[in-house]
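Protein chains: 2
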Amino acid sequence: MEKIIEIVPNYSEGKNREVMEKIIAPFKGLDGIKLLILEMDASYNRSVVTAIGEAEAVMRGIVESAGLAAELIDMGTHRGEHPRMGALDVLPIIPIKGIDEKECIELSYIIGKEIHEKTGVPVYFYAKSAKRPQCENLPDIRKGEFEGLEEKMKDSFWQPDLGTIPHPTAGAVAVGCRNFLVAYNIDTDSSSRKKVLRIARRVRFSGGGYRYIQAGAAKLEDRNICQVTMNLTDYGKTALYQAFEAVKMEARRYGINVTASEIVGLVPKECLTSSLKYYLGMDEEEELDLNLDETVELAKKFLLFRDFSKQKIIEYYLG
Amino acid sequence: MEKIIEIVPNYSEGKNREVMEKIIAPFKGLDGIKLLILEMDASYNRSVVTAIGEAEAVMRGIVESAGLAAELIDMGTHRGEHPRMGALDVLPIIPIKGIDEKECIELSYIIGKEIHEKTGVPVYFYAKSAKRPQCENLPDIRKGEFEGLEEKMKDSFWQPDLGTIPHPTAGAVAVGCRNFLVAYNIDTDSSSRKKVLRIARRVRFSGGGYRYIQAGAAKLEDRNICQVTMNLTDYGKTALYQAFEAVKMEARRYGINVTASEIVGLVPKECLTSSLKYYLGMDEEEELDLNLDETVELAKKFLLFRDFSKQKIIEYYLG
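Protein chains in written order, with our numbering: chain A, 336 to 654; chain B, 336 to 654.
FYI, nobody ran anything at the bench for these hints, they're computed from the structure. Some hints here could point you the wrong way.
Any copy will do: because identical chains look the same in the list, a pair fits if it lies in one copy or spans two.
Restricting the straight-line Cα-Cα distance to at most 27 Å, the calculated cross-link-like pairs of lysine-lysine (BS3-like) are [to be verified]:
#1 554 x 529
#2 572 x 437
#3 529 x 489
#4 612 x 583
#5 583 x 489
#6 612 x 529
#7 583 x 636
#8 604 x 530
#9 612 x 530
#10 529 x 487
#11 448 x 529
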């Protein structure tokens with residue numbers, strides 16, 4: 336089976352499109368890798384790229400791209416509102432299909448090593464790839480930013496995993512495996528932000544709710560309704576259907592109804608089918624073989640998805 | 336408002352009733368403290384006592400009782416199947432009413448100090464009262480048991496919080512504040528342990544479920560049905576109604592129905608009323624003023640409690 340991964344590299348360039356086009360060129364027109372999104376933010380002076388594909392091809396693409404970023408971005412002159420420490424600032428690597436977490440962590444070590452050897456940029460392994468507790472959390476690594484790197488790396492506690500001193504113009508990079516993050520919102524028929532926030536508090540981890548739900552309340556001013564806005568940080572363990580049903584259950588207390596739900600961005604097909612199996616009364620291990628159109632239909636029916644189409648399913652781009 | 340706490344001291348004597356009666360005498364016939372349960376286990380050679388009452392009175396009682404345990408139990412000759420390190424082996428202190436966690440932790444420090452001063456027995460503060468990460472988990476402290484204490488305390492990592500060497504006959508004691516633990520089981524109409532275990536996995540923390548639910552499946556052989564058997568380790572954050580509704584929701588997948596639920600042991604009234612407010616459509620902060628009979632009635636109605644009476648509510652004993 337093909338090993339499919341997603342990468343979401345963040346680059347410290349958010350204004351000059353010409354430069355960014357050069358940096359992401361390695362993701363274009365190649366077999367086995369697909370550039371999905373380029374988001375440039377001028378005030379952050381930062382770009383976030385989403386690309387997916389077969390592990391080997393993605394690796395070749397990102398190593399190439401990291402080399403171009405190190406050549407074309409000068410952190411010495413970079414200014415922007417978002418904290419940053421390198422030209423390629425952070426590289427999250429996400430297992431999508433046919434590759435488990437352990438393999439993906441191993442892959443992150445290989446990619447980190449290749450980037451370091453190509454560019455000389457020191458590498459911190461972070462998130463699930465962290466080799467030390469202090470490296471689990473990106474903001475801790477990045478504290479002090481590019482300007483503070485030289486001092487920081489003198490402290491043995493903050494020595495990079497690869498390399499010993501910052502790259503003079505490209506700084507340092509954090510590379511690591513993390514889970515796919517599903518951005519999922521549930522619309523209610525209530526205009527009370529206060530009540531919907533109470534619902535959110537009850538379903539989220541910090542309030543005693545589900546382990547992998549982060550949640551808050553947001554008002555949609557144009558429609559005068561509130562939604563529970565969520566991140567599912569491990570959809571394999573805390574599933575979409577659990578988030579959806581838990582919100583319905585808590586809303587009942589206030590006589591509030593759930594009217595729809597929406598995926599923000601993209602979602603792996605497996606995240607949908609595993610929850611559809613719940614509604615179809617199937618065991619977790621049973622195979623559910625749906626094409627993308629059928630998946631969309633059933634998600635609309637059971638999870639009340641709105642503004643959804645197969646273009647929001649990652650597998651659409653793997654065709 | 337009165338500060339009500341529960342203590343669950345464990346003593347290393349489970350065979351000699353005469354000795355245990357002497358040790359628990361300080362809990363009897365005194366104002367402000369009530370002995371609820373004495374469970375003696377001969378093969379463990381260990382007794383577990385449950386007492387509740389006003390904080391000041393409970394403190395006087397347990398310090399007295401710890402002194403008697405140190406006099407009457409000789410760990411040098413103690414044999415039993417349960418791991419143990421002291422005559423009074425562990426003293427959990429649980430906030431019930433009118434006292435918050437912070438105050439209860441402070442109280443545990445005072446009680447530990449008084450026990451140490453009275454008996455000379457060294458004290459480890461554990462659970463929420465732990466002052467060092469290695470002391471959070473009781474089995475880690477107790478590892479090596481009474482016989483290994485002298486060696487263990489030579490290691491600075493395992494120095495007690497109070498005292499420096501083990502008491503020659505009474506060993507050491509762990510004292511700490513923890514949450515009230517609600518033992519809660521939900522009956523299903525299914526005889527399939529496999530399916531009910533799947534439900535349990537989905538609702539428990541380790542499987543991605545609710546933060547403060549531990550759960551498994553148990554078969555009731557006489558009735559040929561299975562139940563989800565649970566501990567709620569912080570009912571203020573993960574409530575009874577959430578456990579009950581989550582099990583119903585997961586059971587639906589398999590066409591399984593929830594037929595009843597039961598509290599094992601005792602439960603604070605607040606644990607019930609906070610969940611009844613959900614079913615009555617009340618806000619969390621609204622006052623719900625029920626007497627014990629009304630509380631029992633509504634819990635049977637909404638949570639399908641079986642074998643329940645006001646004698647299972649802690650407040651029944653607070654007169």
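Structure-based check of each hint:
no.: 1; hint: 554 x 529; result: within (10 Å within a copy, 43 Å between copies)
no.: 2; hint: 572 x 437; result: within (16 Å within a copy, 33 Å between copies)
no.: 3; hint: 529 x 489; result: neither (48 Å within a copy, 55 Å between copies)
no.: 4; hint: 612 x 583; result: both (19 Å within a copy, 17 Å between copies)
no.: 5; hint: 583 x 489; result: neither (52 Å within a copy, 56 Å between copies)
no.: 6; hint: 612 x 529; result: between (33 Å within a copy, 18 Å between copies)
no.: 7; hint: 583 x 636; result: both (15 Å within a copy, 21 Å between copies)
no.: 8; hint: 604 x 530; result: between (32 Å within a copy, 25 Å between copies)
no.: 9; hint: 612 x 530; result: between (31 Å within a copy, 15 Å between copies)
no.: 10; hint: 529 x 487; result: neither (43 Å within a copy, 53 Å between copies)
no.: 11; hint: 448 x 529; result: neither (49 Å within a copy, 45 Å between copies)
Of the numbered hints listed earlier, those contradicted by the structure are 3, 5, 10 and 11.
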